[in-house]
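Q: So the chains spell out like this:
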Amino acid sequence: MSIGRIAIPPPLAAVLLAIVLFLLSGLLPNGFGSNPDIAASQATNIIRLAVFLGIVAAGQTLVIISGAEGIDLSAGAVVTLSAIVTYSIVNGNNENVLLALPAALIVGAAVGFVNGLGVTYLRIAPLVMTLGMAGVVTGLIIVITQGSVTGAVAPVMTQVIARPLVLGIPGAILIWAVFGALMWFLLQRTTYGKNLFAVGTNRITSRLSGVNVTGMVVGTYALAGMLAGLAGFLVVGNTGVVHIRIGDPFLFPSIAAVAVGGTLLTGGKGSYWGTMAGALVLTLITSLLTTMQMPESVRRMVLGGTLLIMISIYGRQRGLRQ
Amino acid sequence: MIRHSWRRLTNQNRIPFALVLLAVVLLVNFMLQPNLLEPATMNSSMRIFLPLILVAVGQTIVILAGGIDISAGAIVSITNAILATQIGTRGDTGTAMLMMLAVLFVGMAAGAVNGFFVAILRLQPIITTYATSFLFGGLALLILPSPGGGMPSTFTSFYRETRPLGIPLAFFIIALIMLAWYGIRQTRYGRYLFAVGGNADAAYQTGVPVNMVQFSTYMISGLMAAFGGIAITLLTGSGNAQIGDSLTLAAITAVVIGGTALSGGSGTIAGAIIGAIILSLLPNLISFANIETWWQTFLNAAIIVIALALPGFMNLLRRRRT
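Line by line, the protein sequences give chains A and B.
Just so you know, we're using my numbering here: the first sequence kicks off at 1 and counts up by one.
Just so you know, we're using my numbering here: the second sequence kicks off at 1 and counts up by one.
Only chain A is shown next, with the shape it has when bound in the complex:
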């Protein structure tokens, strides 16, 4: 995005947008007004809510960077599945958490792995493949739960995820900060990250320069599924209850967050910190609409409109005439 001659990098623009939206929310009748204490606690709350979306959107960022119209529409269903798996394995016992976390990650990675196989070996368009898998996972959830979910979260999960942990900062935010640093390291300082951007820019040249493109793509979808699994684990730890559609509201915003953060939807270019800012923007939009008591219909239209505006700014393809 450029204003006049000064070019603002998209992630920075997203941060600015988040700040503007937050200040706007203060002007609402039931907003924080001019009270800095309430403002600070509201800001903390917004960031805490953005964590879960931010982690779903991390996987989304990876598959979108991998290019070839990469996208993961199964993320919402995977969040639900792993939340239910966590909920029933933990069953209220602290000791079971160490078993539930890997289980949630493996379940997510398995779905992502199947997505990756379909996209690479069977050459199914990512959108269609992952949308199909979303249906399969939803079906699996029905088979597993048969209409009722039994279980409970463990006290330690609530303690670490939902409650203030250090200096009044909720554990979820600290987890997100560490997670963000790890994502930065993964994308910027590892061979995987370097190859991911190469694969997203041009698969043929990557293959010719020795990158195992198929392996990279399958691995990326599996990793994205695993991150959705992690998000499911955290979501259920935060809410303490689970229902059969708990992951659905994360799907569309996770894609919009990636777009707002300036990651090219055509692949090859992007950053996780942009997505983090995007997750904040989307969470703010959603909470603004909730505060204004907008119905579901308006919320959907605003989300759709936001994504449409963002891709109109960043996502123009090359014109035919050039």
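In case anyone wonders, no lab produced these hints; they're calculated from the structure.
Note that CB positions come from ideal geometry on N, CA and C, so glycine has one too.
There may be inaccurate statements among the hints.
[Claimed, not checked] Below, in silico cross-link-like pairs of lysine to any residue (SDA-like), each with a Cα-Cα straight-line distance of 20 Å or less:
| id | chain 1 | residue 1 | chain 2 | residue 2 |
| --- | --- | --- | --- | --- |
| 1 | A | Lys194 | A | Arg207 |
| 2 | A | Lys269 | B | Arg122 |
| 3 | A | Lys194 | A | Leu182 |
| 4 | A | Lys269 | A | Leu186 |
| 5 | A | Lys269 | B | Gln124 |
| 6 | A | Lys269 | A | Ile204 |
| 7 | A | Lys269 | B | Ile126 |
| 8 | A | Lys269 | A | Leu12 |
| 9 | A | Lys269 | A | Leu99 |
[To be verified] Okay, the calculated bits of chain B under chain A, using three or more residues with CB under 8 Å as the criterion:
| id | segment |
| --- | --- |
| 10 | 119-125 |
| 11 | 298-307 |
| 12 | 311-318 |
Given chain A's structure and the hints, the job is docking chain B onto it.
A: Then chain B, alone, in the frame of chain A:
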């Protein structure tokens, strides 16, 4: 050159593949439900299949020209919401006819919105129509927040019971579509469709109005979705703003089963219609096979994914062999 004709050969082989699949599904279905081919049963089946068939036909045209329309299901929902709220179960014939005509324009207008963003602004079709699906879906919910409304029984029974010459109404509509498609294929526009989907750059250089052709395909898809919306409203006789949600993936799957390449440039309407019938017969099959209800969603979704995977799977085998 040889490779080109080989490719054409395999593409032509795909309709027989859909036909074989149709024969198998029909045979199994016939064994489970012996009255399947009786006129009354056939009529009650075909009137349920028709909405998907209509949407799939529109989707084929978009996909042929190298695009995709994820918002088709949401357009079905909008038309259903409009018809159910504006006509109602006690509506008079004049209003009903007028509203049915009006929703056709609404469908085309929604298609024009897609066309504007994809063909004129040159945004990626997948992500754009995914965004507009939220826009349109939200609009449908705004018009009809909770299921309700309806159609006068004179109209619904006309749709359900009309059997000219003892043949279900749906067959006449399918014949009409095939005839229209045969006509369109002979025109310059028909050739443009395939040229744009096959290679947009080459088509542009030879003077094909690529943008206008792409724009028009989204309007056609919107129009067909509106017809699908009318059909589904006449079928159910009631309104539900999320009625079209499941049609999008089903229509795309029908197109793929029918042998149309998702990359554009090759495919047939007849294939999509056969694909839609196959897909519609599957839930029939599952419910007649006495499978526990918990498994039905999973099986349906799994079959969709397998159907999507079949062309890729056969390609994989072919590549291994050579």
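Q: Would the pair Lys194/A and Arg207/A pass a check requiring their Cα atoms to be no farther apart than 20 Å?
A: The given pair, whose Cα atoms are some 13 Å apart, holds under the 20 Å limit.
Q: Are the Cα positions of Lys269/A and Ile204/A separated by 20 Å at most?
A: The hint holds at about 17 Å.
Q: Take the segment 119-125 of chain B, compare each residue's beta carbon with every beta carbon of chain A, and decide whether three or more fall closer than 8 Å.
A: n = 4 at 8 Å, threshold three: holds.
Q: For the pair we were handed, Lys269/A and Arg122/B, check the Cα-Cα distance against 20 Å.
A: holds, 19 Å
Q: Hey, Lys269/A versus Ile126/B, does the alpha-carbon distance stay inside 20 Å?
A: Satisfied, since the Cα-Cα distance of roughly 18 Å is no more than 20 Å.
Q: Check whether three or more residues of the segment 298-307 of chain B sit with their beta carbon closer than 8 Å to a beta carbon of chain A.
A: It holds: at least three residues are needed, and the segment 298-307 of chain B offers 7 whose Cβ sits within less than 8 Å of chain A.
Q: When you check the alpha-carbon spacing of Lys269/A and Leu99/A, does it fall within 20 Å?
A: Given that 20 Å is the threshold and the Cα spacing comes to 36 Å, the pair is violated.
Q: Next pair to validate is Lys194/A with Leu182/A; report whether the Cα-Cα distance is within 20 Å.
A: Holds - the C-alpha atoms of Leu182/A and Lys194/A are around 15 Å apart, at most 20 Å.
Q: Counting residues of the segment 311-318 of chain B that have a beta-carbon nearer than 8 Å to any beta-carbon of chain A, does the count reach 3?
A: Coverage by chain A holds for the segment 311-318 of chain B (4 residues, Cβ < 8 Å).
Q: So if I understand the rule, the pair passes when the alpha-carbon distance is 20 Å or less; does Lys269/A with Leu12/A pass?
A: holds, 15 Å
Q: Starting from Lys269/A, check that the Cα of Leu186/A is at most 20 Å away, please.
A: OK: Lys269/A and Leu186/A at ~14 Å, within 20 Å.
Q: Can you confirm whether the C-alpha distance between Lys269/A and Gln124/B stays at or below 20 Å?
A: holds, 16 Å
Taken one by one, the earlier hints fail for this structure only at number 9.
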